[in-house]
Every structure is written in C-alpha cells, then in structure tokens.
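For the protein sequence lines, the chains are A and B, in the order given.
Count along the first sequence starting at 1, add 499, and that's the number in my numbering.
Count along the second sequence starting at 1, add 499, and that's the number in my numbering.
Derived by calculation from the structure, the hints in this document are not laboratory data.
A couple of the hints might just be wrong.
Just so you know, same-sequence chains aren't split out, so a pair can sit in one copy or run between any two.
[Stated by the list, open to error] Pairs of lysine-lysine, BS3-like flavour, derived with a Cα cap of 25 Å:
hint: 1; residue 1: Lys629; residue 2: Lys791
hint: 2; residue 1: Lys791; residue 2: Lys702
hint: 3; residue 1: Lys791; residue 2: Lys696
hint: 4; residue 1: Lys696; residue 2: Lys582
hint: 5; residue 1: Lys582; residue 2: Lys629
hint: 6; residue 1: Lys585; residue 2: Lys702
hint: 7; residue 1: Lys557; residue 2: Lys629
hint: 8; residue 1: Lys693; residue 2: Lys636
hint: 9; residue 1: Lys629; residue 2: Lys693
hint: 10; residue 1: Lys575; residue 2: Lys635
hint: 11; residue 1: Lys696; residue 2: Lys635
hint: 12; residue 1: Lys791; residue 2: Lys780
2 protein chains.
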Amino acid sequence: MNLLVVGSIGIDTVETPAARRDNLLGGSAVYFSYAASYFTGVAIVGVVGQDFPPEHRKLLEERNIDLAGLGTAPGKTFRWSGKYHKNMNDRDTLDVQLNVFGEFVPTVPPSAAAADFVFLANIVPAQQHKVLAQMKKRPRFVAADTMNLWIQNARADLDVLVRELDALVLNDSEARMYSGVHELLPAGRAIVAKGPKTVIIKKGEHGALVIAPDGNFCVPAYPLEAVVDPTGAGDSFAGGFMGYLAAQGTVTPAALRRAVAYGSVVASFTCQGFSLDALRKATRADIEARFKELLEMARIPG
Amino acid sequence: MNLLVVGSIGIDTVETPAARRDNLLGGSAVYFSYAASYFTGVAIVGVVGQDFPPEHRKLLEERNIDLAGLGTAPGKTFRWSGKYHKNMNDRDTLDVQLNVFGEFVPTVPPSAAAADFVFLANIVPAQQHKVLAQMKKRPRFVAADTMNLWIQNARADLDVLVRELDALVLNDSEARMYSGVHELLPAGRAIVAKGPKTVIIKKGEHGALVIAPDGNFCVPAYPLEAVVDPTGAGDSFAGGFMGYLAAQGTVTPAALRRAVAYGSVVASFTCQGFSLDALRKATRADIEARFKELLEMARIPG
Chain A
500 MNLLVVGSIG IDTVETPAAR RDNLLGGSAV YFSYAASYFT GVAIVGVVGQ DFPPEHRKLL
560 EERNIDLAGL GTAPGKTFRW SGKYHKNMND RDTLDVQLNV FGEFVPTVPP SAAAADFVFL
620 ANIVPAQQHK VLAQMKKRPR FVAADTMNLW IQNARADLDV LVRELDALVL NDSEARMYSG
680 VHELLPAGRA IVAKGPKTVI IKKGEHGALV IAPDGNFCVP AYPLEAVVDP TGAGDSFAGG
740 FMGYLAAQGT VTPAALRRAV AYGSVVASFT CQGFSLDALR KATRADIEAR FKELLEMARI
800 PG
Chain B
500 MNLLVVGSIG IDTVETPAAR RDNLLGGSAV YFSYAASYFT GVAIVGVVGQ DFPPEHRKLL
560 EERNIDLAGL GTAPGKTFRW SGKYHKNMND RDTLDVQLNV FGEFVPTVPP SAAAADFVFL
620 ANIVPAQQHK VLAQMKKRPR FVAADTMNLW IQNARADLDV LVRELDALVL NDSEARMYSG
680 VHELLPAGRA IVAKGPKTVI IKKGEHGALV IAPDGNFCVP AYPLEAVVDP TGAGDSFAGG
740 FMGYLAAQGT VTPAALRRAV AYGSVVASFT CQGFSLDALR KATRADIEAR FKELLEMARI
800 PG
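Full structure from sequences and hints, please.
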C-alpha cells in the first residue's frame with residue numbers, strides 16, 4: 500500500500516437548511532480514503548466501536564481500501580453532529596461524542612508501514628506524530644491537516660509536527676490563526692517558515708491558494724449548481740490530492756498543480772450529497788471530465 | 500475617444516483598522532478612468548461641485564482622460580465616508596452627501612458619443628439608460644455595474660437596462676440578491692437569462708467568476724502582501740477590464756479572459772494605497788509584470 504491515512508471514522512448527524520440526516524458514515528479518514536481510492540490503493544489507520552455498522556465497513560472494502568489498521572475497540576464509535584448556516588459554509592458543531600476515538604493511539608499495520616505517501620488527517624498533533632514514528636522509513640511525501648482547536652490548545656506539538664511535513668493543508672481561517680497574518684499569501688509564507696515546504700490554503704467555494712517552492716498558485720473550486728452537504732469536502736480534497744500524487748509516485752511541480760485540481764474535483768462530488776452518497780456514484784471518468792472542465796475554466800491565454 | 504464611462508466623482512473619507520484619511524479623490528468614474536487610461540483613451544461623463552479641487556482634475560488630465568463630459572454644477576461635490584471592518588472586505592457607509600450628484604443627469608459630449616466601448620458605473624439605472632440613449636450608434640460593447648440599493652429599490656429599471664447590456668459586472672452578494680440564487684454559477688446564469696450575454700461576478704480577494712457565451716471561467720485575484728484600502732478596487736477592475744478590451748477593439752473569447760486578468764491586476768494596485776496613491780505609481784510595465792505572474796499562478800498543466 501503506497502498511501503496511508505490516519506484520521507477519524509465517525510457517525511455523523513448533519514442538518515442543512517434543506518434537510519437533516521442521522522447516522523451517516525463520516526470522519527476524515529473515511530472521506531479521504533474514499534476520495535483517494537479513485538487514484539491509488541490506500542490504507543486507513545483508525546478506530547471504531549463495536550457498534551460500527553458492517554455495511555459501512557463493506558462500503559470501504561468495496562473500494563479496496565486496506566482496513567488492516569482499522570481497530571475495533573470496546574465502546575461506541577465517534578459521533579459528530581453539526582448544523583450548517585444558510586450560506587452552507589459556516590457551521591455549528593452541536594455535539595461531539597469522542598467515545599473510542601478519545602483513547603485512540605494509532606498503530607500502523609506492517610502492510611502500510613513502508614508507504615511512500617502519508618496523510619495525517621485532523622487529529623491531535625501528538626498522535627499524528629506517533630504515526631510518523633512508526634514508519635519503516637521516512638516517507639517520500641507527508642502531509643497533514645489541522646484545526647483551530649490544536650492551533651489554540653496544542654500549538655507547541657503542532658509546531659514540532661509541521662517541521663517534519665512536506666505539506667500542511669488547512670483552511671483560510673486556520674491559516675490566519677496559525678500565522679497571525681490576515682492576507683493569505685504572507686500567512687502561507689509564515690507557515691512555510693515553520694517547516695513545510697508547501698502550504699495549501701483551502702478557501703471552500705473559492706478554491707485553494709498554494710504556497711509552493713516552485714511558485715505559488717491558485718486552483719478554483721469546481722462550481723456547483725447546488726451544494727447539498729459540504730461535510731467531508733476538505734478531507735475529500737486531501738484524498739484526491741494525495742491519491743493523485745501517490746499514483747504518480749513523484750511530486751513534480753506540474754503534478755502538484757494537477758493534484759490540487761483533482762482534489763477540488765473530488766471535493767465537488769462530495770458536496771453534492773450527504774455522506775458519500777454523491778461521491779459513490781462518481782466514476783473515474785466523471786472525475787476526468789470535471790478535471791478537464793476545471794482546467795478549461797482556469798485557462799487564461801497569454 | 501473609444502471608451503466612455505459614466506459614474507461618480509467624489510470626495511471620500513476612509514477609515515481602515517490601520518488609518519483614517521480625509522478628503523480623498525474617489526468615485527467610480529475616477530477609479531475606472533484612471534485604471535483604463537493605462538490601456539486606451541477614456542472619457543468621463545459626470546459632475547462635480549464648485550469645490551472640486553483643481554489638483555484632482557489635473558491628476559486625471561495628466562493621464563489624458565477626456566473631461567469634456569465632466570460638468571461643474573453649483574454646489575458641493577458628492578461626498579462619501581466609510582469604515583472598513585477588520586477583515587478589510589466588509590465596510591459600513593458612515594455618511595453620504597449626494598450634493599450635485601443628486602441632480603445629476605448625464606450628458607454625453609460629442610467627442611464621446613461614438614465610443615465603441617461604454618461602461619455604466621454604479622449610478623441609478625434610469626440614468627445609466629440615458630447615456631445609452633445619447634450614443635450616436637449602438638456601441639460595440641456595453642457593460643454596467645450595479646449595487647444592492649438598485650436591486651432592491653429600482654429593480655424594474657435595472658431589468659430594462661440589463662436587456663441592453665453585453666456584460667453586467669457585480670459582486671457576489673449582489674449576484675445572489677439579484678438572482679435569488681445562492682450558488683454563484685446558477686446565480687450568474689439566472690442573470691444571463693435577464694439579458695447580458697456575459698456576467699462577471701467579483702469575489703474580492705477570491706477573484707472573479709465569469710459566465711460567458713464561449714465558456715465560463717475563473718480568474719484569481721492577484722494576492723497582495725497587505726491591503727491598505729480596497730475602496731475603488733471594483734471600479735479599477737472594471738477600468739482595467741474595459742480599457743484592455745477597448746484597446747483590442749474586438750471582444751474575442753481569449754481577449755475576454757485576458758481583460759478580466761488585467762482588471763484583477765489593476766485592482767490589486769489600487770488596494771495598496773488610499774485613493775489613487777498606489778495605482779498612480781504603477782507603470783504599464785508594472786501591470787504587465789503582475790499580469791504575467793497572475794497567468795503563471797493560474798496555470799494548471801493538463
């Protein structure tokens with residue numbers, strides 16, 4: 500397995516202005532791995548409780564996602580409940596029940612310990628670090644996500660972690676918070692100064708700004724007719740991004756730009772349904788078609 | 500004169516989180532014409548009061564902006580005062596004194612009545628319409644800006660006007676308000692259905708989304724180290740956009756994309772100072788350099 504992700508596997512309750520759904524399959528590692536599976540083999544390191552429904556596991560297995568690192572612990576699966584504002588961008592977290600995820604210590608299975616590409620999805624930085632410590636060799640490309648909670652409450656651990664990263668992926672408000680700088684270009688550069696050579700700032704419907712050693716760049720989001728549920732869009736973006744890179748094997752400047760565009764495209768499918776409902780229906784050909792459309796939309800003739 | 504703009508000429512007071520400046524040269528026609536003057540000759544239709552400082556007039560004349568249509572009326576010049584929020588994007592209007600602008604009826608001077616390119620900056624739609632009625636022939640390309648006030652209070656007049664436009668330029672919140680649709684792609688298409696073949700949705704620091712007959716496209720904003728004052732950025736964008744198009748003479752699909760990129764670039768200079776302070780210092784070579792940078796940032800290798 501060439502791509503490893505550590506992150507959450509959860510049961511979500513999501514309320515949007517249009518609808519409410521209970522007991523959805525969610526979690527960063529789920530969205531990431533499903534998105535990445537269009538491009539490459541991917542292994543999950545995570546934990547679920549004894550209540551985790553077998554049909555959810557089956558959904559991942561059908562995509563050949565390696566679940567050797569998915570432990571089952573006594574107790575219940577992580578649960579998250581959130582409600583989106585009318586703009587479908589801001590949301591309030593209504594409830595979090597960590598359950599078995601509260602005691603989670605990642606264990607990398609032998610089948611994944613030599614992965615060249617590693618994504619540390621948004622969990623506490625000290626645990627992200629433990630995954631790296633278990634790799635047989637320094638992976639070719641390590642990226643991580645983080646969140647406001649760790650920037651505020653675990654900054655020292657985060658600072659240690661980011662020194663070991665090739666790329667940090669975070670959203671615009673997190674980039675501002677972590678750097679203390681409002682404009683995103685200098686904010687991204689301030690984060691690059693902390694260690695990661697590449698910083699990917701996600702801007703939701705506005706796409707992504709990337710600070711990269713071979714030149715900064717912007718990739719638009721794939722514009723949608725309607726957003727049903729943006730939950731998991733950021734993790735799907737990361738999955739498409741890392742999945743494409745892992746499939747290439749090497750991270751060239753051109754591959755980096757294309758990978759961000761594939762991330763945007765995969766995230767757009769996720770937004771069109773609750774949980775994995777819409778992404779599941781997408782084929783690799785659907786992804787290629789949107790990728791070509793996105794390239795055409797971004798094209799400025801010189 | 501091949502490009503005509505009708506709009507406001509004003510004296511602004513601007514407060515940002517960092518500074519406050521009084522008695523600045525402002526107004527949509529001022530920012531537009533100064534931006535456009537880098538590309539082509541441009542004529543202003545507008546009005547000032549007897550208090551309009553001669554040095555402001557001189558600043559425009561030095562760029563060879565045609566002021567034959569700039570009337571002086573008894574009374575005081577239009578005044579606007581605003582305060583920016585910490586995010587430098589949202590702002591509160593603190594005071595508006597229409598003064599001579601309240602009675603303004605545009606009169607197109609003979610020197611500009613045959614212009615092929617016309618921009619109707621943000622004034623009441625019925626007055627925008629009067630400019631078109633005075634043109635000797637149907638111009639090759641007519642674009643207009645509008646605002647929330649007219650969308651809410653002069654919608655019928657706006658609906659009549661947009662039927663005659665080639666392009667409508669408006670910001671994201673205005674596009675949502677005018678279309679009643681939240682997602683920007685269908686919002687833009689709903690506005691296209693009202694008449695203009697092209698709709699340019701400005702998203703501030705996130706660039707622009709363009710709904711166009713030969714394919715929709717996105718152009719990023721030129722990312723800045725710091726924003727000093729965004730007042731006039733939208734009008735400068737329109738000026739760079741229309742100025743470039745007027746200089747080409749014809750509106751090809753490729754020219755449309757390049758024109759939006761030039762608009763973004765010129766707007767970026769405006770944001771780097773109060774009033775015209777930063778844009779004034781930019782040379783055409785500076786604009787070309789940023790245009791090339793923007794193209795390189797937007798490039799996604801296929």
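Taking the hints in turn, this is what the structure says about them:
1. Lys629 with Lys791: neither (38 Å within a copy, 43 Å between copies)
2. Lys791 with Lys702: both (21 Å within a copy, 23 Å between copies)
3. Lys791 with Lys696: between (28 Å within a copy, 24 Å between copies)
4. Lys696 with Lys582: For Lys696 and Lys582, neither the intra-copy (35 Å) nor the inter-copy (37 Å) Cα distance is at most 25 Å.
5. Lys582 with Lys629: Classified as neither: same-chain Cα gap 32 Å, cross-chain 48 Å, threshold 25 Å.
6. Lys585 with Lys702: This pair counts as both: shortest intra-copy Cα distance 18 Å, inter-copy 19 Å.
7. Lys557 with Lys629: neither (28 Å within a copy, 66 Å between copies)
8. Lys693 with Lys636: within (23 Å within a copy, 60 Å between copies)
9. Lys629 with Lys693: Within one copy only: 20 Å inside a chain, 58 Å across chains, cut-off 25 Å.
10. Lys575 with Lys635: Neither way: Lys575 and Lys635 sit 31 Å apart in one copy and 76 Å across, limit 25 Å.
11. Lys696 with Lys635: Within one copy only: 22 Å inside a chain, 58 Å across chains, cut-off 25 Å.
12. Lys791 with Lys780: within (19 Å within a copy, 40 Å between copies)
The structure fails to meet hints 1, 4, 5, 7, 10 from the earlier list, while all remaining hints are met.
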